[in-house]
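Chains as they are written, first to last, in numbering that gives the first Met the number 0: chain A, 0 to 359; chain B, 0 to 359.
In short, the hints are calculated from the structure, not lab data. A hint or two may mislead.
Note: identical chains are not told apart, hence a pair may lie in one copy or across any two.
[Unchecked claim] Subject to a maximum C-alpha distance of 35 angstroms in a straight line, what follows is the list of computed DSBU-like cross-link-like pairs (lysine-lysine):
(1) Lys188 to Lys12
(2) Lys78 to Lys201
(3) Lys145 to Lys171
(4) Lys201 to Lys17
(5) Lys12 to Lys201
(6) Lys46 to Lys188
(7) Lys171 to Lys201
(8) Lys260 to Lys17
Protein chains: 2
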Amino acid sequence: MSDLPTNASEEFKPQLRKDPILERWVIIADRGKRPTDFPPEEEDKGKFCPFDEGNEDRTPPEVYAVRPGGGGVNTPGWKVRVVPNMYPAVITEGDTTHHGIGLLDWTRGVGAHEVIIEHPDHKFSFARADVEHMLLIVETYIQRVKDLRGDKRFRHIIVFRNHRGAAGASLKHPHSQLIALSITPETVKQKLKAAREYYLRKERCIFCDLIEQEMRLPDRFIYANDDFVVLSPFAARFPYEVHIFPLQHCHDFTLMAEEQKRGFVDALQFVLRRYDGEMNDVPYNMMLQTAPNPIPRPGRPDYWGTIQCDYHWHVELLPRLTKPAGFEWGTGFYINTVLPEKAAEFLRTGAEIEDAATAQ
Amino acid sequence: MSDLPTNASEEFKPQLRKDPILERWVIIADRGKRPTDFPPEEEDKGKFCPFDEGNEDRTPPEVYAVRPGGGGVNTPGWKVRVVPNMYPAVITEGDTTHHGIGLLDWTRGVGAHEVIIEHPDHKFSFARADVEHMLLIVETYIQRVKDLRGDKRFRHIIVFRNHRGAAGASLKHPHSQLIALSITPETVKQKLKAAREYYLRKERCIFCDLIEQEMRLPDRFIYANDDFVVLSPFAARFPYEVHIFPLQHCHDFTLMAEEQKRGFVDALQFVLRRYDGEMNDVPYNMMLQTAPNPIPRPGRPDYWGTIQCDYHWHVELLPRLTKPAGFEWGTGFYINTVLPEKAAEFLRTGAEIEDAATAQ
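The shape of chain A in the complex, shown without the other chains (with noise of 0.2 angstroms):
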């Protein structure tokens, strides 16, 4: 039937491929599931779980945990622990050699799929924790990111959460996830692009602009602290969206300085409560946004002093209470029904809003 090669689609598993039209890459991490293989939501009815305290020989050896009164690797007595997830999206062997046929580019899916487990207990809230175990999480992210940085097959390390199933979570034991990758993601070279181009016109952060700028009206403010701005975003996508800034210029959370991690877990904390209780433990995703790793790139030796200058670290935090559909998917538009003033209102005083409700 074909004199072309075949694409050796099961070469690498799991693999990396490239839209061909679109400059979108995609994960394809076969798990074999039939279409009636997909749960609708997290089950966690007295199931056992593998991230409890005393269940550390079922999950794979662990990378890293915080162990303030020491004690052997993968046994109790940690505070949070780190593994590699059991269905990882990206492993940590091989090559990242780019392959192809025609209009088709592939490459092994190389990088590291890991699950912060965020405390031995099952019925930990992230939300409400006290602020010294919150700091360890942050530590946590902050020695993990460093030390795959030391890969240099790896371009961007991204730190994630998933709050309930609703939001993509399969585990309900609190955790949080990262994926290094060896390609930069599209969405982060759009906002660095963006951020570079700002900055080799005007000199000046975009991010830091545009905190300025917000700051100086009450429409979408939302909470500062010394070290931190929460706001509505102008353009937000999901309602009650939020993103959270350092008020000081820095393109690396890893370089925070203690006490603006406290000014961190207090920002955060002040909206993660209000989802959960205003909102009603509310779903959500959120999203670590830092500046990729240190590469070297042939003919442009200064690319990374710049980023220091032009890029800004964020958090951005998404409730989940609508579904993109056809539209979203179609155009890369979104609609949010919520005004994000509105929103900034709720989430700044923790009051309902006032306007009735109109049907859907």
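Here the structure of chain A is known, so what remains is to put chain B in place on it, guided by the hints.
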């Protein structure tokens, strides 16, 4: 607090807003919803349905209808009926001037948002309908798009279909929708740009080349008739995602010949019957991707002539078995847990995948 003018967030309802960093627009169509006002799924147990025959006075007045037996507007006797959306994302009144302060850009939410009620019967099956009725629906899509193209404010029109609540449908009565926008959406722009660049380099259509390449391999081929081919995308974002292309190069789906329309219905229903039967009526989104509306471009008189050569209309079908989560929202990367070649085999043959399913 401020020496900047307020940014008049309530000025236009609805409102299009541009992300200050990314080239991404959102529609702010505020419905005064509280966080607790978002229903989880469609609820349809014996409730009143405004789309049922006999309830024509409970929708906005119709803009189009197929009435082979005659009969007055907004009365029973129709086969397909088009009405403005009761809760529109965009409205037809107003100009498309762009406004802005500093980093923030906005404009009126000008456009059209219509509902194509596909059949008078609440229990109509789009997947299993007879060809003659499906042709009436396809003809309705074409007539509505052609009519709306007469409004020179509209840059792009997308026809889409959300099947079941998990795919974003808020009413169960079978219907499609269309949205006309005053701004070409980012995803469409990216496709147009890629197709343009490829054409300028090769004087060939990238979609035609992709179809040619994929039809020489059995790997991702699902189905073809004389006029259409059904493929499992090499870099599918979602398990069991499908793309349908006309075999004969054409940028605009409204130019289909009569015989091609039958081929389109045949190809579409081939997939939808798999979704309905073998995949247990899986929720899905359907998006009809066609060229944007011809608008005069100063200094680029050949633009629309070239688009006829470089763009190729197509349909995307996305089953909603998985939920995008923090990783997807934060990177634009997707994790697909079913190999597109296995999905193709399943959809081609209707048979179960052999591999044992591994638990997620």
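Results for each hint:
Taking the closest pair of Cα atoms, Lys188 and Lys12 come within 35 angstroms of each other both inside a single copy (25 angstroms) and across two copies (32 angstroms). Taking identical chains as interchangeable, the C-alpha atoms of Lys78 and Lys201 are never at most 35 angstroms apart, the minima being 45 angstroms within one chain and 59 angstroms between chains. Taking CA atoms no more than 35 angstroms apart as the test, Lys145 paired with Lys171 passes inside one copy only; the shortest distance there is 27 angstroms, against 50 angstroms between copies. In this assembly of identical chains, Lys201 and Lys17 lie within 35 angstroms of each other by CA distance both inside one copy and across copies; the values are 34 angstroms within and 20 angstroms between.
Taking the shortest alpha-carbon separations for Lys12 and Lys201, only the inter-copy value of 33 angstroms comes in at or below 35 angstroms, while the best intra-copy value is 45 angstroms. Neither within a single protomer nor between protomers do Lys46 and Lys188 lie at most 35 angstroms apart by alpha-carbon distance, with minima of 41 angstroms and 47 angstroms respectively. In this assembly of identical chains, the alpha carbons of Lys171 and Lys201 never lie at most 35 angstroms apart, being 46 angstroms within a copy and 52 angstroms across copies at closest. Taking CA atoms no more than 35 angstroms apart as the test, Lys260 paired with Lys17 passes between copies only; the shortest distance there is 31 angstroms, against 37 angstroms inside one copy.
Hints 2, 6 and 7, counting from the list given before, are not met by this structure.
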